[in-house]
Amino acid sequence: MAAKAIEVSGLHKSYGSHEAVRGVDLVVDEGDVFALLGPNGAGKTTTVEILEGHRHRSSGTVSVLDHDPGKGEPTYKQRIGIVLQETGVERYLTVAEAVDLYRGYYPNPLGVDEVIEIVGLTDKRDERIVKLSGGQQRRLDVAVGLAGDPDLLFLDEPTTGFDPSARRGAWEMIRNLKSLGKTVLLTTHYMDEAQALADRVAIIAAGKIIAEGPPDGLLQTADTITTIRFVKPSAELPPAISYRTTETGFCEISTSEPVAILNELTGWAIQNSVDLAGLSVARPTLEDVYLQLVRASEKGKDQ
Amino acid sequence: MKALREFRFENRAFWRNPAAAFFTFMFPLMFLFLFPTIFGSGDIPGPSGETITGETFYVPAIGVFAIITATYTNNAMTLLFAREEGVLKRKRGTPLRTRDYMLGRIMHSMFITFLLVAITVTVGKLFFGVAIPSETLPAFIVTVLTGAFAFCALGIAISGVLPNVEAGPPVVNASILPLLFISNVFIPTADAPEWLTTVAKVFPVYHFAEATLISFSPFTEGNGFEWNNLAIVAVWGVAGILIAFKTFAWEPKRK
Numbered sequence: 051m052a053a054k055a056i057e058v059s060g061l062h063k064s065y066g067s068h069e070a071v072r073g074v075d076l077v078v079d080e081g082d083v084f085a086l087l088g089p090n091g092a093g094k095t096t097t098v099e100i101l102e103g104h105r106h107r108s109s110g111t112v113s114v115l116d117h118d119p120g121k122g123e124p125t126y127k128q129r130i131g132i133v134l135q136e137t138g139v140e141r142y143l144t145v146a147e148a149v150d151l152y153r154g155y156y157p158n159p160l161g162v163d164e165v166i167e168i169v170g171l172t173d174k175r176d177e178r179i180v181k182l183s184g185g186q187q188r189r190l191d192v193a194v195g196l197a198g199d200p201d202l203l204f205l206d207e208p209t210t211g212f213d214p215s216a217r218r219g220a221w222e223m224i225r226n227l228k229s230l231g232k233t234v235l236l237t238t239h240y241m242d243e244a245q246a247l248a249d250r251v252a253i254i255a256a257g258k259i260i261a262e263g264p265p266d267g268l269l270q271t272a273d274t275i276t277t278i279r280f281v282k283p284s285a286e287l288p289p290a291i292s293y294r295t296t297e298t299g300f301c302e303i304s305t306s307e308p309v310a311i312l313n314e315l316t317g318w319a320i321q322n323s324v325d326l327a328g329l330s331v332a333r334p335t336l337e338d339v340y341l342q343l344v345r346a347s348e349k350g351k352d353q
Numbered sequence: 008m009k010a011l012r013e014f015r016f017e018n019r020a021f022w023r024n025p026a027a028a029f030f031t032f033m034f035p036l037m038f039l040f041l042f043p044t045i046f047g048s049g050d051i052p053g054p055s056g057e058t059i060t061g062e063t064f065y066v067p068a069i070g071v072f073a074i075i076t077a078t079y080t081n082n083a084m085t086l087l088f089a090r091e092e093g094v095l096k097r098k099r100g101t102p103l104r105t106r107d108y109m110l111g112r113i114m115h116s117m118f119i120t121f122l123l124v125a126i127t128v129t130v131g132k133l134f135f136g137v138a139i140p141s142e143t144l145p146a147f148i149v150t151v152l153t154g155a156f157a158f159c160a161l162g163i164a165i166s167g168v169l170p171n172v173e174a175g176p177p178v179v180n181a182s183i184l185p186l187l188f189i190s191n192v193f194i195p196t197a198d199a200p201e202w203l204t205t206v207a208k209v210f211p212v213y214h215f216a217e218a219t220l221i222s223f224s225p226f227t228e229g230n231g232f233e234w235n236n237l238a239i240v241a242v243w244g245v246a247g248i249l250i251a252f253k254t255f256a257w258e259p260k261r262k
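Sequence order for the protein chains is A and B.
Note that the first sequence covers residues 51 to 353 in our numbering.
Note that the second sequence covers residues 8 to 262 in our numbering.
No false leads were mixed into what you were given.
Below, in silico cross-link-like pairs of lysine to aspartate or glutamate (EDC-like), each with a Cα-Cα straight-line distance of 20 Å or less: (1) B:Lys9 <-> A:Asp199; (2) B:Lys253 <-> A:Glu123; (3) B:Lys208 <-> B:Asp198; (4) B:Lys9 <-> A:Asp150; (5) B:Lys9 <-> A:Glu140; (6) A:Lys121 <-> B:Asp107.
Label pairs and their computed distance ranges (CB to CB): (7) B:Phe30 <-> A:His239: 39 to 45 Å; (8) A:Ser183 <-> B:Pro176: 30 to 36 Å; (9) B:Leu11 <-> A:Thr111: 36 to 42 Å; (10) A:Arg72 <-> B:Arg106: 33 to 39 Å; (11) B:Asn24 <-> A:Gly120: 33 to 39 Å.
By construction, these hints were calculated from the structure, which means they are not laboratory data.
Treat the numbers as computed from the prediction; the structure is a model and nothing was measured.
All residues carry an ideal CB built from backbone N, CA and C; glycine is no exception.
Could you build the full structure based on these sequences and the hints that come with them?
Written out as structure tokens, the structure reads:
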């Protein structure tokens with residue numbers, strides 16, 4: 051069994067009368083990429099900031115790398131790297147100088163050029179930070195978070211605002227981090243990102259974890275629906291198949307029993323020589339599961 | 008030493024912003040030109056019969072104003088910006104200690120102040136015939152650096168209580184400009200009501216100005232060290248540091 055990088059139980063955090071986090075339990079194995087998902091205001095950022103040591107918890111136990119982050123010990127901060135949104139860096143330094151400045155805070159940092167290469171900024175090594183593009187600044191954020199050679203890296207929405215190719219580049223970078231043996235706690239609004247990168251995901255809504263597991267596991271356990279689609283044939287479909295017609299002239303069938311429905315549909319099509327043009331079967335994505343779970347949790351809250 | 012490293016990078020970043028650096032140093036020179044032009048500058052005979060230009064007496068006042076701007080105002084404002092931009096929050100997530108960060112800033116302030124005063128005095132001597140004291144020069148340097156330390160510390164302290172960047176300029180100006188006016192810096196306060204001077208004497212500007220003036224005056228006898236004034240300035244500086252530790256805000260304050 052892998053050692054635990056993060057162990058949280060019964061975590062609560064209140065701001066005045068507002069309870070932002072209400073009983074979060076969380077375990078992250080060492081060396082995993084763990085994605086924390088959830089709508090804005092669900093308590094995601096608060097939870098992560100408690101783990102980082104930026105916030106104090108109201109109650110519960112938190113252990114990160116065998117430290118209590120609430121104590122604000124430099125020995126804890128030496129082992130983590132934090133990449134937040136909206137955190138600036140000394141703008142008049144160059145990329146290499148900024149990495150050098152921050153690596154100087156740690157006892158066993160990585161080399162300047164090593165870090166710059168990991169995030170793919172070697173071409174911009176001696177460029178002033180003010181002159182970097184948004185995507186390059188985000189890479190620099192990661193470089194600065196990585197400079198101290200942390201065992202655990204917090205990445206807060208690392209690809210928000212990226213164009214598709216920059217996102218793929220960032221994913222490659224995060225996979226690099228994993229291959230270096232780092233534990234990564236990632237928050238993101240992109241479900242494909244979580245699906246592509248995370249070993250495990252947790253969905254947080256209204257201050258509680260409502261689902262947790264490997265992305266594929268979540269897809270299987272959730273009560274989700276497969277969608278079958280094809281161009282509406284001229285012949286009448288068998289009455290046992292219920293479908294809806296889209297504005298673009300497609301038939302769409304939503305079912306939790308895709309195998310039986312497909313069997314009936316294709317059998318009927320072959321018998322009647324009907325060509326099911328554009329036939330596609332879409333399994334639910336993590337996004338579908340996410341939306342379903344979050345909606346269900348919101349309904350539960352209203353009742 | 009961590010603070011020294013912080014100072015080095017602070018210094019490097021400072022010179023990379025030429026507009027800010029240039030006007031920090033131009034500021035006193037502008038006054039060195041303006042004051043004698045506006046208020047006149049008569050030569051007077053010195054203690055040993057030499058001629059002393061009127062500009063010589065403007066240098067300490069201009070120095071005090073420029074030093075306070077470069078340390079108090081500048082630190083309060085740059086810290087506010089660094090806080091709003093998230094630079095401080097990022098630092099908070101690293102093992103860097105608060106005291107090393109503050110010490111680095113104070114060292115940078117003292118270094119800039121030293122350059123600022125050296126340039127002002129040199130330009131004053133070359134172009135305006137300003138007399139540089141020889142006997143009281145050590146006292147002048149110590150006074151200037153004590154002031155830089157104290158006003159930098161107070162700048163850090165006030166940045167912690169300011170709610171946001173927009174509140175910076177009005178609050179910082181309101182806290183320092185009245186003190187400059189009642190502390191015998193630009194305007195002689197000999198005719199001002201006594202209570203006003205009593206109030207001024209509570210604050211460090213008055214004592215910093217007096218110590219600077221005396222340590223730079225050709226008429227001063229002895230070594231020019233104004234120990235009482237210096238002690239009061241230094242106590243304000245230490246209080247500033249203690250308050251700064253209490254109030255220092257690493258994150259933007261939002262409600």
